[in-house]
Amino acid sequence: MDREHIRNFCIIAHIDHGKSTLADRIIEKTGLLTQREMQEQVLDNMDLERERGITIKSQAVRTVYKAKNGEEYVFNLIDTPGHVDFNYEVSRSLAACDGAILVVDAAQGIEAQTLANVYLALDHDLDVFPVINKIDLPSAEPDRVINEIEDVIGIEAMDAPKISAKMGIGIEDVLEAVVAKIPPPSGDEDKPLKALIFDSIYDPYKGVIVFFRMMDGRVKRGTKVRMMATQAVAEVVEVGTFGAGQFIPCEELTAGMVGYLTASIKNVRDTMVGDTITDDDRPCSEALPGYKKVQSMVFCGVYPADGAKYPDLRDALEKLQLNDASLNYEPETSVALGFGFRCGFLGLLHLEIIQERLEREYNLDLVTTAPSVVYKVFKTDGTSFDLTNPTNLPDPSEIEHMEEPIVSAEIMVTKDFVGPIMDLCQTRRGRYISMEYIEETRALLKYELPLNEIIYDFFDALKSRSKGYASFDYELKGYEQSKLVKLDILVNREEVDALSFIVHADSAYDRGRRMCEKLKDEIPRHLFEIPIQAAVGGRVIARETVKAMRKDVLAKCYGGDITRKKKLLEKQKEGKKRMRQIGNVEIPQKAFMSVLKLEED
Amino acid sequence: MEIYIHIPFCEKKCNYCDFLSGPADPKVRQLYVNALVNEIRERAAKIGRGEKVTTIYFGGGTPSILETEQTGAILATLFEEFDVTDDAEITIEVNPKSAGGKLQFLRGVGFNRVSIGMQSAHAEELELLGRIHTHDDFLKCFWGAREAGFNNISVDIMTAIPGQTEEMLAETVNTVLRLSPEHISAYSLMIEKGTPFYERFGETEGPVVGEETERRLYWMTVDMLKSHGYRHYEISNFAKPDFESRHNMGYWKREHYLGMGLGASSCMPEDGAEVRSRNTTSIEAYLKDPLAREESSILTRDEMIEETVYLGLRMMDGVDTDDFQKKFGVTLRSLYGDTIDDLSAQGLVYEGSSSLSLTDMGIDYGNHVFAQFLR
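Protein sequence lines, in the order shown, are assigned to chains A and B. Residue numbers for the first sequence follow the numbering used here, beginning at 958 and rising by one. Residue numbers for the second sequence follow the numbering used here, beginning at 2 and rising by one.
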C-alpha cells in the first residue's frame, strides 16, 4: 500500500460525546468485522473502561475502506485516552496521527476537554475536521454547535457531517471526509528507521509489544532496533498491524504505517511512550521531539486489607507495572496499616484505576491512604528533597520552606454556575487568571490552583456545584513556595500515621475539623469513649468524640434462636476482621478511605 | 433429651412479635394437631426410645388457644411415644385471656408448670404492645393456675417498652413480686423486622427508650428481683431456688432437644454427629408432610465448642470449665487463653476456679463477648 492510500488519524472528544461509538461504527462500516462480531465497543477491551465509559490505554485499529472513488484506503485509527491524567499519552498518540476527527455532541456543544484536545491536536499540526454527533437527540442543535465550533475554535465546520454514531446515521460521510480531509502521511522509506512509540503492552508469551508510527525507513524481522531514550536494544521478532482486537503479522512496515513489533523485551520501561525507535546499525541523526519521562503526580500508600496478602499485592503491582510504565511503587511501612507500598500515579483517576484493577483482577482487598502530591522540602541545612509521604516530613525546625505543585486549570461552565464555581476555586486557594464568555451562556474560567487542592474531591465538588455542567482540564504549571503544615489525626490519643497529610496552614483547621467529623461517623462505638483529634505540630486544633456504647446484648436466646443468633454474632465478628487496630481502638478500613472525600454537601 | 412443641396460633398477633404464629380458623388448628400427632409418632419411630425425656415445653404462639382435648391428645401422644421421666418438667405457655377455664384440665393431663405472658401491669402499655388481655385477666389467670395446683408458675414481663419510666416498671415488678411466682422472665423489648413496631419505631437504632434508659430499667429489675430472693440465673431470667426453667437451661447447656411442630428447631444426634435442624415454616408444607425440614446442618467440633461457650455464658454461673474439658478433651484456657485474658482485663468476664462467667459489665456487652469466642 502506497502512502497516498494511508490515513492515520484519531478521534478526539469530550467524555461521553460518543468517541468510542463512532470508532465502533467506523470499524463496522469498513467491513473488518461483521455486525455479530462487534462487541458493544470494540476499542475498549477492558471491563473497567467499559464501565467508566472512558478509554484508558491507547490502542490502534487498522481497517480497509473502499471509498466512493473506487479506491481502497488503509485507515489507522489510533485511540487516545480521554482524561487529563493521561495528557502526555494523548499527546504522543496525537503525534502518531496526521489528522483528527473532532466529535462534538449536538446537544452539549463544546466542553473544556473538547477545547483542550483540539488545541493539543492543532499544536501537533494535525488537520482537524469536526463531526456533529447525537443529532437524533431531541435536544440536538447541530446548527448552534456548528456556529460555536467556528466561533470558539475557529475551524471550518459548515460542512461538518451531522451524524448519530449510535443510530448509524451519516457514517459514510465521516469515512469520505477522512479520505478527503486528512492528509496522507509524509516520510521517506529510504531514510534511516525513525518511529514513534505511542503505547506498549506486556504479553506473557511475546514479551513487550510496542505500538508505533513509522516516520521514516523500514523495519522487519531481524532488524536490530534501539530505543533512543532508554538505549534499550533488541532484535525484532515480529512486526505487524492491528486488526480489531488482534495482531496481524506482516513482512515489513514502512514509512507512514502504523503497527507493532515484538523483540523479546521484558519490561515496558524499556519502551517508554514517546521514545523513538531507530535501527541500531543505521541510526537516525536525532530522535523525534516531545519525549518526556513520565512523572508521578500523585502518591498514596496502598496496603492489603489482610496483612498476610502483602506478597500477593507485591506480585500484582509487579505485573501491573509490566503493562503500565507510569505506575511507580516502593515498599513502605505504616504503624496503622502494616506493610504496604507507596505508589505514584499520573493523577487521581489513574490511582483509582490501578486500585480497581488490583481489587478486581487480582482479588485484593485494599486500604489506601489519602493521596498526596509531591512537595519540595528545603531544609535549613541547605539540602532539599521531594516529599511523597507526609510521614517523612522532618521536624518543622529543620524546614526552611516548602513548595507545592501548582496547575493551570480551565473550567468551562454555564453562566448560572459561574458564581458557585468561582467560590469553589477561591476556597481551594485558586488564583484567578481570567474569564471569557465563549458564547452568551458559557464561560471559560482560568485559574491557577495548588494540585493538592484538586486531587481530593475537586472534581466531585465541581460537578455538584454546577449540577454536572462544568467541565475541567488542567496541566502542571510548576512549583511555588507555600505555607504548609502536617496535619496529624489522633484516635484515642494515638497518632494514626496513615491519616496524616500535608495541608496549607490556612485550611488546616477546617480540614482537621471535617476529618474528625467524618471519622466520628466511621468509627463504631466501643465499650469506652474515643476522642478523635486533629493536631498540627502537637497542638490539637479540632476534636470529636465517639460516645461509648452502652449496650450490646440480646435479651433472648432459646432453642429456635441459636442458629440465627449465631449468624448475627458471626457478622459482628466478620466486621471486626475488616478493622485496623490502633491501640485499643478498631478503625474500619472504610474510615481510611472516607476521609478522602470531605466536601460538605 | 428435651421436647419442644410449637403451637403457631394466636388470637391476634402482638405488635412486637416476630415469632412464627398467627390467627387461624378452628379447622386449620385441628388439621395442625393431626399433623403434629403424626410428626410425634414418626419422629419417635425414627429416634427410638433411647434417650429419656426430662422436659417438655409447649410454646407458641399461644398454646392455650387450643381446645383442651387437642392439647391433651398431643401430650398423651408424647407420653405414649417417648420415655418421659416421672419428674419431667412439663410447661405450657398461656395467654391470660385464653387460659381461663383450661388450667384445671391442663394440670390434670400432666402439665406441671405454666408460663404466663403478663408483660405489664399498665393498661396503656398492654394496649401499645397489642396484647389482647387486661391486667385483671392476668390476675385471674395467675390465681386460677394456683387453684388448679400449679406450684411452678413463671411470669413474663417486658422492659424498655416505649414510654416506660422507672416508676411504671417498678410498679409492674412490684405487682409480680406480690404474687410471688416461682420464676420470672424479664425481657427487654426488641424491635424486630416485619412487626408493626418496626414500622413504627424501626427508624431509631437500638432500644426505643434509649440505651441508657434501657440499661437502667434492666438493672433496676435485676436489683428488685434479687433483693426479693430471686436468683438471677440467666441474662433475662430469674427464679426462686431450684425453680430455674430446666427446659431453657437445656438450651444453654447444649442438651439434646427435639422440636416438633411448624418451624420448630432441634439439636439431635444423627449418625454419631450432632445436627441442628429446623422444620418447614410453611403451614401448607407442614400439613402435607410434617417431617419436612427447612434446614439442617451437622455441627463441627469447633461449632460445638463455640456454642458451649457463648450459650454457657448467658447463664450467670457461666461455663463449667471442668465439664468443658471432659466433653472436649482440652481446657477452655488452652483454646481461648488470650481471649479470656483480654476480656478479663476489660472487666467483661470473670474466671473462677472451675467456671468462666460474665461480669455485670459483661452482661451489658454480651454480644461483644460472645463474638470473641467464635472461631
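Bear in mind the hints are in silico, worked out from the structure with no lab data behind them. Watch out, some of these pointers could steer you wrong.
Unchecked claim - Label-pair ranges, simulated between beta-carbon atoms:
#1 L300(B) x R1535(A): 35 to 43 Å
#2 A274(B) x R1535(A): 29 to 37 Å
#3 R376(B) x V1292(A): 23 to 31 Å
#4 W144(B) x R1535(A): 27 to 35 Å
#5 A1505(A) x T69(B): 47 to 55 Å
Claimed, not checked - Computed footprint of chain A on chain B; a stretch qualifies when at least three of its residues, placed anywhere within it, have a C-beta under 8 Å from a C-beta of chain A:
#6 65–76
#7 85–97
#8 209–215
#9 351–358
Virtual Cβ for every residue (Gly too), placed ideally from N, Cα, C.
Hints versus structure:
Between L300(B) and R1535(A), the C-beta spacing of about 27 Å breaks the proposed range 35 to 43 Å. Look at A274(B) against R1535(A): about 32 Å separates their beta carbons, and that is inside 29 to 37 Å. Against the hinted window of 23 to 31 Å, the Cβ-Cβ separation of R376(B) and V1292(A) comes to about 29 Å, which satisfies the hint. A beta carbon spacing of about 56 Å between W144(B) and R1535(A) contradicts the range 27 to 35 Å that was offered as a hint.
A beta carbon spacing of about 52 Å between A1505(A) and T69(B) agrees with the range 47 to 55 Å that was offered as a hint. Only when three residues or more bring their CB closer than 8 Å to a CB of chain A does the claim for the segment 65–76 of chain B stand; here the count is 0, and the claim is violated. A count of 0 residues in the segment 85–97 of chain B with a Cβ less than 8 Å from any Cβ of chain A is obtained; the coverage claim is therefore unmet, three being the minimum. Closer than 8 Å: that is the beta-carbon criterion, and the segment 209–215 of chain B has 3 residues meeting it against chain A, so the requirement of 3 holds.
Counting residues of the segment 351–358 of chain B whose CB lies closer than 8 Å to any CB of chain A gives 0, which falls below the minimum of 3, so the coverage claim is violated.
When the structure is compared with the earlier hints, violations turn up for hints 1, 4, 6, 7 and 9 and for no others.
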